[in-house]
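Hey, can you work out the whole structure from these sequences and the hints?
Residue strings, one per chain:
2 protein chains.
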Amino acid sequence: MKNRLYFDRLDNELIKDDLFNKIKLERENIGYYTLPKQNIYEILEFVNDFDINIENIMVLGIGGSSLGAKAVYEFLKPIQKPKRNLFFFESTDPLNISTLLNQVDIKKTHFLVISKSGGTVETISIFKYIFAQNSDAKNYTFITDIGSNLDKFAQDLGSKVFYLPPNVGGRFSVLSVVGLIPLALSGIDIQALLNGAKKINKSFFENRKLRDTLIDKALFYAKNHERYSINCIFAYSESLKYFTEWFVQLWGESLGKKQRHSIANIGLTPIGLIGPKDQHSFLQLIMEGKRDKTVTFIKLKKFTPKMKIPNISLPHLESLDTLNSIDFHKLINMQCDSVKEALLNEKEIPIDEIVISAVDAKSIGELIYYYELLTSLVGELLDVNTYNQPGVEAGKIILKEKLNSSNS
Amino acid sequence: MKNRLYFDRLDNELIKDDLFNKIKLERENIGYYTLPKQNIYEILEFVNDFDINIENIMVLGIGGSSLGAKAVYEFLKPIQKPKRNLFFFESTDPLNISTLLNQVDIKKTHFLVISKSGGTVETISIFKYIFAQNSDAKNYTFITDIGSNLDKFAQDLGSKVFYLPPNVGGRFSVLSVVGLIPLALSGIDIQALLNGAKKINKSFFENRKLRDTLIDKALFYAKNHERYSINCIFAYSESLKYFTEWFVQLWGESLGKKQRHSIANIGLTPIGLIGPKDQHSFLQLIMEGKRDKTVTFIKLKKFTPKMKIPNISLPHLESLDTLNSIDFHKLINMQCDSVKEALLNEKEIPIDEIVISAVDAKSIGELIYYYELLTSLVGELLDVNTYNQPGVEAGKIILKEKLNSSNS
Chain B
1 MKNRLYFDRL DNELIKDDLF NKIKLERENI GYYTLPKQNI YEILEFVNDF DINIENIMVL
61 GIGGSSLGAK AVYEFLKPIQ KPKRNLFFFE STDPLNISTL LNQVDIKKTH FLVISKSGGT
121 VETISIFKYI FAQNSDAKNY TFITDIGSNL DKFAQDLGSK VFYLPPNVGG RFSVLSVVGL
181 IPLALSGIDI QALLNGAKKI NKSFFENRKL RDTLIDKALF YAKNHERYSI NCIFAYSESL
241 KYFTEWFVQL WGESLGKKQR HSIANIGLTP IGLIGPKDQH SFLQLIMEGK RDKTVTFIKL
301 KKFTPKMKIP NISLPHLESL DTLNSIDFHK LINMQCDSVK EALLNEKEIP IDEIVISAVD
361 AKSIGELIYY YELLTSLVGE LLDVNTYNQP GVEAGKIILK EKLNSSNS
Chain E
1 MKNRLYFDRL DNELIKDDLF NKIKLERENI GYYTLPKQNI YEILEFVNDF DINIENIMVL
61 GIGGSSLGAK AVYEFLKPIQ KPKRNLFFFE STDPLNISTL LNQVDIKKTH FLVISKSGGT
121 VETISIFKYI FAQNSDAKNY TFITDIGSNL DKFAQDLGSK VFYLPPNVGG RFSVLSVVGL
181 IPLALSGIDI QALLNGAKKI NKSFFENRKL RDTLIDKALF YAKNHERYSI NCIFAYSESL
241 KYFTEWFVQL WGESLGKKQR HSIANIGLTP IGLIGPKDQH SFLQLIMEGK RDKTVTFIKL
301 KKFTPKMKIP NISLPHLESL DTLNSIDFHK LINMQCDSVK EALLNEKEIP IDEIVISAVD
361 AKSIGELIYY YELLTSLVGE LLDVNTYNQP GVEAGKIILK EKLNSSNS
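Going line by line, the protein sequences match chains B and E.
Throughout the first sequence, residue numbering follows my numbering, covering 1 to 408 in sequence.
Throughout the second sequence, residue numbering follows my numbering, covering 1 to 408 in sequence.
A few of these clues could be false.
Unchecked claim - Simulated pairs of lysine-lysine, DSS-like, Cα-Cα distance not exceeding 30 Å:
1. K77(E) / K108(E)
2. K2(E) / K347(E)
3. K396(B) / K347(E)
4. K347(B) / K396(E)
5. K402(E) / K306(B)
6. K400(E) / K290(B)
7. K308(E) / K107(B)
8. K108(B) / K202(E)
9. K37(B) / K198(B)
10. K198(B) / K77(B)
11. K209(B) / K299(B)
As the list claims (entries may be wrong) - Just some of the chain B residues that point at chain E, by a computed CB distance under 7 Å:
12. F50
13. I52
14. G63
15. S91
16. E238
17. L320
18. N404
None of these hints come from the bench; they were simulated from the model.
Since the structure is predicted, the reported quantities are computational estimates derived from the model, not experimental observations.
Positions of the beta carbon are idealized from the N, C-alpha and C atoms, including for glycine.
Following this line, the structure appears as structure tokens:
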């Protein structure tokens with residue numbers, strides 16, 4: 001993975017060293033930092049022993065319990081036929097629930113119930129619906145915090161339970177059992193995924209180059225958070241679509257906060273774009289709209305399969321013969337470069353570019369860990385608690401009241 | 001459809017009348033206003049005579065040539081099995097192209113090539129790839145501007161060609177042949193879709209109530225565009241996911257502009273959210289982040305199918321028994337209301353709510369036309385040309401140069 005910044009770097013080593021030291025301190029307490037080095041023996045054993053007749057894994061989980069696994073699964077699915085299909089229940093929309101259930105043979109389906117707290121309304125509602133028709137303990141695996149009510153329920157039921165490691169929040173949990181269990185069941189090489197993350201971890205904590213780039217980027221984003229309050233990812237590969245949804249949660253929910261040492265509302269707004277499609281949608285706004293956006297282009301170095309635009313000339317369309325004999329993978333990267341250059345010419349739009357190797361588990365592991373580190377760095381600089389989400393509680397309390405009064 | 005505003009309305013009838021008069025003037029020149037009343041006889045005849053052995057329609061089109069049809073198709077698909085499946089080629093990513101082509105039996109597939117200008121790089125590249133393997137004129141239908149090079153090519157080839165009506169831009173074209181042909185081929189009731197749009201058209205131009213609401217909303221957005229520069233749609237139904245993508249293009253590309261009478265870069269940033277999923281992602285940022293966002297909740301009055309949370313109590317999870325016997329459709333709307341109330345309690349976040357009847361063609365027609373009108377109103381107030389997109393040209397010119405030099 002390569003990351004090139006096209007904006008000015010801050011030249012103050014003291015500030016950079018201070019930030020790096022703070023992150024090293026944080027690493028002692030925040031769980032996600034150590035996930036790349038975890039022992040996955042228990043997971044692999046569980047997956048090896050798993051019923052080979054099960055063709056579908058239905059994940060009952062929402063937000064941090066689904067977005068990460070979905071990002072990795074959808075990234076790799078087009079190149080590698082899944083050993084088992086994954087489905088994600090992420091809504092209380094009855095049409096969505098029934099459509100998903102109609103797609104599978106329930107006899108060949110296993111349910112993964114994932115809720116950190118164990119009390120997520122969406123997850124438990126859907127679980128109740130399915131469990132009422134099918135209460136066999138062996139059809140369920142649970143992933144939750146140790147000692148949660150869901151843990152106790154699962155223990156009584158006699159189902160297998162996995163626990164989240166301590167101090168790993170939902171949106172930082174994709175490289176824990178939350179992501180690894182469904183991904184391993186679908187046949188994805190989770191060791192390669194972790195190796196990608198491990199590589200970034202090492203090159204941040206032990207190798208000056210990536211550390212400097214990440215710190216310089218974080219400093220730029222934090223310093224300019226008022227002016228450039230919107231951060232776009234412009235990923236030139238359809239397979240990164242769900243990765244951008246994962247990024248949106250990570251960035252928005254981690255950095256949109258009241259500041260720790262003031263009461264100011266602060267935050268950076270994430271936007272996920274896919275090229276070249278969104279050149280025909282959002283690009284006009286970046287180019288000519290309010291200059292409040294940074295853009296990170298993500299490119300793939302290697303695309304599969306090799307496909308060429310054929311060398312044929314079509315009557316009246318000869319002006320497009322310049323496309324002839326061009327590889328599609330070359331074209332898509334040329335499109336990315338062209339938009340990048342056009343935006344750079346505008347001067348006022350801060351741009352950087354990330355290049356990952358290919359559509360493989362290691363590359364997405366790198367990208368995930370890169371963005372987790374960047375989020376931690378920016379959160380530290382913005383003086384927010386990166387790892388909580390107090391703002392979602394008010395709506396939950398109101399819902400609870402509504403449910404109570406609708407039942408009484 | 002109902003729309004309720006929870007923010008203060010401007011009390012100046014002169015400004016409102018002036019805006020309404022400008023839109024009435026614009027209606028004379030801009031094509032989309034008259035689309036609801038068009039005669040669709042030719043389209044219906046084409047579809048009635050269409051080969052019944054064709055099971056798949058592959059749309060080669062990008063941006064305005066695909067997002068609208070996709071929004072309607074994906075909205076209705078879960079409740080009504082399509083007569084023919086629609087697929088959308090929206091990327092030059094070779095993995096995406098090959099994955100789509102592998103999903104269908106080419107003998108049972110028809111290709112709709114849609115490009116207003118006739119020279120869209122993505123569309124023509126993919127067309128060349130497919131045409132080189134399959135050059136039978138009867139497998140293709142073209143939709144383009146009359147007299148374009150693609151029109152000439154299609155005429156020479158002997159394929160059927162449909163023309164965009166005059167002065168209808170891509171992102172306002174879903175209710176023209178661009179959207180109606182693929183939708184009618186997939187079995188959707190396009191007259192009901194147009195009837196929805198017609199209803200909104202009538203109640204805006206002839207009925208005070210919706211006009212007042214739309215104008216008040218547009219005035220609020222325009223007046224506060226610096227402070228509230230981000231407009232979120234928070235739609236509580238999974239089936240509106242692609243509608244929000246259509247909205248993002250419509251809003252971003254129409255309103256992100258240099259002003260007509262100044263050189264200022266101006267624009268409103270659209271965000272599409274789906275509830276309850278994004279309560280676990282973006283909500284924290286709305287609630288506690290920078291107060292730069294408006295939120296429009298979209299609710300469905302009627303959900304199908306009827307599905308209830310069963311009346312079972314699970315050991316250790318008794319605190320969630322308040323969910324028992326609740327209809328899922330009631331739950332999802334209670335979730336929407338709870339978040340709305342929580343945000344209203346914050347005072348500084350401008351909220352409104354749209355309620356549409358059900359997942360049917362008429363309701364999505366209403367929603368589409370409502371947003372087209374709102375976009376026109378805000379564009380007029382922001383002093384931008386709502387209907388062009390000059391900012392995307394620079395990247396196209398650079399790409400052309402790259403293609404030229406890679407060939408020489």
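Structure-based check of each hint:
1. K77(E) / K108(E): At roughly 20 Å apart (the allowed maximum being 30 Å), K108(E) and K77(E) satisfy the hint.
2. K2(E) / K347(E): holds, 23 Å
3. K396(B) / K347(E): Holds, because 18 Å separates the two Cα atoms, which is no more than 30 Å.
4. K347(B) / K396(E): Holds. K347(B) to K396(E) sits at ~18 Å (cutoff 30 Å).
5. K402(E) / K306(B): Distance of about 20 Å is within 30 Å: holds.
6. K400(E) / K290(B): holds, 27 Å
7. K308(E) / K107(B): holds, 22 Å
8. K108(B) / K202(E): violated, 52 Å
9. K37(B) / K198(B): With a Cα-Cα distance of about 7 Å, the restraint between K37(B) and K198(B) holds, given a limit of 30 Å.
10. K198(B) / K77(B): Holds: K198(B) and K77(B) sit about 23 Å apart, inside 30 Å.
11. K209(B) / K299(B): holds, 20 Å
12. F50: violated, 25 Å
13. I52: violated, 26 Å
14. G63: Holds. Min distance 3 Å.
15. S91: holds, 5 Å
16. E238: Cβ of E238(B) sits 4 Å from chain E, so the hint holds.
17. L320: holds, 5 Å
18. N404: holds, 6 Å
Comparing the model with each earlier hint shows violations of hints 8, 12 and 13; every other hint is respected.
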